[in-house]
Amino acid sequence: MAKRKNCTPLNFDELEKSFTEEEAVAEAMRCIQCKNPLCVRGCPIENRIPDITKAIAARDFPAAIDIINENSNLAVICARVCPHNDQCEGACVLGLKGDAVKISKLERFLAEKELELSLNRLRGKVGIIGSGPAGLSVAAILAKQNYRVTIFEAHNKAGGVLRYGIPEYRLPKEVVDKQIEIVRNLGVRIETGVIVGEDLTLDQLFGMGYQAIFIGTGTGLSKKLGVDGENLLGAMQAIYVLETVNLVQEGSLPDSSLPVTKGDRVLVVGAGNVAVDAARTALRLGAQSVEVVDIVPEKERRASDKEYGEALHEGVHFRFSTSVVKILGSKKVTGVILQDFERHHVGKESHILPVAGTERDYPCDKVIVAIGQKPFARIVSTTTGIKTNDKGYVITESEPYYGMTTREGVFAAGDVVHEPQTVILAMREGRRVAEAIDAWLQMKNVPIGQLPIP
Numbered sequence: 001m002a003k004r005k006n007c008t009p010l011n012f013d014e015l016e017k018s019f020t021e022e023e024a025v026a027e028a029m030r031c032i033q034c035k036n037p038l039c040v041r042g043c044p045i046e047n048r049i050p051d052i053t054k055a056i057a058a059r060d061f062p063a064a065i066d067i068i069n070e071n072s073n074l075a076v077i078c079a080r081v082c083p084h085n086d087q088c089e090g091a092c093v094l095g096l097k098g099d100a101v102k103i104s105k106l107e108r109f110l111a112e113k114e115l116e117l118s119l120n121r122l123r124g125k126v127g128i129i130g131s132g133p134a135g136l137s138v139a140a141i142l143a144k145q146n147y148r149v150t151i152f153e154a155h156n157k158a159g160g161v162l163r164y165g166i167p168e169y170r171l172p173k174e175v176v177d178k179q180i181e182i183v184r185n186l187g188v189r190i191e192t193g194v195i196v197g198e199d200l201t202l203d204q205l206f207g208m209g210y211q212a213i214f215i216g217t218g219t220g221l222s223k224k225l226g227v228d229g230e231n232l233l234g235a236m237q238a239i240y241v242l243e244t245v246n247l248v249q250e251g252s253l254p255d256s257s258l259p260v261t262k263g264d265r266v267l268v269v270g271a272g273n274v275a276v277d278a279a280r281t282a283l284r285l286g287a288q289s290v291e292v293v294d295i296v297p298e299k300e301r302r303a304s305d306k307e308y309g310e311a312l313h314e315g316v317h318f319r320f321s322t323s324v325v326k327i328l329g330s331k332k333v334t335g336v337i338l339q340d341f342e343r344h345h346v347g348k349e350s351h352i353l354p355v356a357g358t359e360r361d362y363p364c365d366k367v368i369v370a371i372g373q374k375p376f377a378r379i380v381s382t383t384t385g386i387k388t389n390d391k392g393y394v395i396t397e398s399e400p401y402y403g404m405t406t407r408e409g410v411f412a413a414g415d416v417v418h419e420p421q422t423v424i425l426a427m428r429e430g431r432r433v434a435e436a437i438d439a440w441l442q443m444k445n446v447p448i449g450q451l452p453i454p
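Residue numbers (the working numbering): 1 to 454.
Please keep in mind that the hints were generated in silico from the structure rather than gathered at the bench.
Since this is a predicted model, take the numbers as computed values, not measurements.
Any given hint could be a false lead.
[As the list claims (entries may be wrong)] Quick list of the computed label-pair ranges, beta carbon to beta carbon:
hint : residue 1 : residue 2 : range
1    : K178      : V93       : 29 to 35 Å
2    : E116      : Q249      : 21 to 27 Å
3    : T261      : A26       : 29 to 35 Å
4    : T201      : M443      : 21 to 27 Å
5    : T20       : V346      : 57 to 63 Å
6    : T20       : D390      : 48 to 54 Å
7    : S252      : P363      : 57 to 63 Å
8    : V194      : H313      : 40 to 46 Å
9    : S252      : P354      : 39 to 45 Å
10   : D177      : T382      : 30 to 36 Å
11   : D60       : I32       : 17 to 23 Å
12   : M443      : L96       : 47 to 53 Å
Cβ atoms here follow ideal geometry from the backbone N, Cα and C, with glycine treated the same way.
Taking the hints into account, I'd like the entire structure generated from these sequences.
Following this line, the structure appears as structure tokens:
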């Protein structure tokens with residue numbers, strides 16, 4: 001078994017440290033200011049990276065912060081969880097013969113410098129449901145445009161998937177708290193412990209004076225395997241595992257609630273980033289072994305190279321073209337039946353089919369399922385006029401107001417609209433929707449800064 005790097009039971013300390021001011025300046029000076037910067041093309045939101053590094057090198061940190069804020073308002077988060085190796089840093093020409101410029105750490109330095117300088121002190125208005133990356137993005141942008149904004153969050157603390165869906169070693173909650181404080185300092189009010197669709201409906205929010213409402217609730221409902229034994233004690237969903245561990249770490253649940261205990265043999269189904277997070281978390285909780293199986297071939301895995309490589313290094317084992325066809329046990333999990341699968345191509349169609357005769361028993365104590373999520377139906381089931389597709393995702397339009405649902409005045413973006421994606425893409429969608437909300441409200445002749453206060 002490979003040596004586990006910084007991976008001991010209950011050690012969720014952040015793995016990387018931030019640049020000092022001197023380190024940031026020195027790293028920024030390494031940028032060769034390419035005439036046609038590939039790093040910009042590699043960035044999903046096209047941050048002006050050469051201009052950012054130039055400003056840092058000149059110690060003009062406020063200018064660098066202004067540039068990065070043109071496209072990014074969750075920099076302290078994105079700097080830690082974006083797949084930089086596959087995007088901006090992976091495109092850096094210096095990486096061809098040596099080390100690429102550490103763009104992610106420079107972004108992180110600026111985000112923390114912004115906190116230090118307290119640049120954001122504005123006010124604003126609109127109802128935001130969910131405090132994940134899309135919700136925080138919309139709230140921050142609209143607050144800067146002088147709207148009075150209120151976020152409604154179901155949990156007792158704000159952050160959504162950033163707080164409860166990403167492990168501490170990847171995204172420390174202290175960092176999430178700092179990002180939320182930036183949003184609060186813009187004048188955004190955050191109401192926690194409020195489940196819209198149960199405690200309040202959208203119609204009630206409109207009745208309270210909100211002229212526009214944004215839905216950014218993500219995908220909190222796990223997809224099931226659909227095999228026998230899925231309801232046994234010890235069979236659980238990955239997002240439940242990640243959320244429970246985070247709740248224990250913040251003190252909201254007792255240690256006895258931890259889903260994996262020392263010595264457990266853990267099997268994870270699925271090999272996306274959520275599955276890998278669950279696998280690495282299981283190791284940190286003291287699992288004896290962690291095996292990940294995925295129905296697709298290795299080349300089709302959805303986890304990033306960075307997360308996959310780190311999981312391997314820590315001791316997680318992977319089996320591809322393999323999945324669970326039955327979970328064994330009477331009251332609790334004692335094992336599973338695995339079977340091999342292979343992809344078949346018939347014309348333009350492709351199907352993954354089981355390989356006959358490859359079934360075999362695999363002993364384990366816990367089964368963690370991570371084959372995808374979909375949105376809860378709480379909001380759409382209690383609101384007239386909001387349509388969803390056959391998978392339960394909210395239908396939105398692109399024109400004339402990006403992100404507006406089939407109910408006028410209700411907008412949506414992020415994972416509640418499409419299959420789960422990255423934090424930075426949710427943030428980008430949030431930015432576009434915020435601009436659309438602003439345009440729609442102005443079209444409705446609601447003057448900026450004069451929205452009714454409930």
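So, going through the hints one by one against the coordinates:
{"no.": "1", "hint": "K178 <-> V93: 29 to 35 Å", "result": "holds, 33 Å"}
{"no.": "2", "hint": "E116 <-> Q249: 21 to 27 Å", "result": "holds, 26 Å"}
{"no.": "3", "hint": "T261 <-> A26: 29 to 35 Å", "result": "violated, 45 Å"}
{"no.": "4", "hint": "T201 <-> M443: 21 to 27 Å", "result": "holds, 25 Å"}
{"no.": "5", "hint": "T20 <-> V346: 57 to 63 Å", "result": "holds, 58 Å"}
{"no.": "6", "hint": "T20 <-> D390: 48 to 54 Å", "result": "holds, 52 Å"}
{"no.": "7", "hint": "S252 <-> P363: 57 to 63 Å", "result": "violated, 33 Å"}
{"no.": "8", "hint": "V194 <-> H313: 40 to 46 Å", "result": "holds, 41 Å"}
{"no.": "9", "hint": "S252 <-> P354: 39 to 45 Å", "result": "holds, 41 Å"}
{"no.": "10", "hint": "D177 <-> T382: 30 to 36 Å", "result": "holds, 31 Å"}
{"no.": "11", "hint": "D60 <-> I32: 17 to 23 Å", "result": "holds, 19 Å"}
{"no.": "12", "hint": "M443 <-> L96: 47 to 53 Å", "result": "holds, 49 Å"}
Going through the hint list in order, the structure does not satisfy hints 3 and 7.
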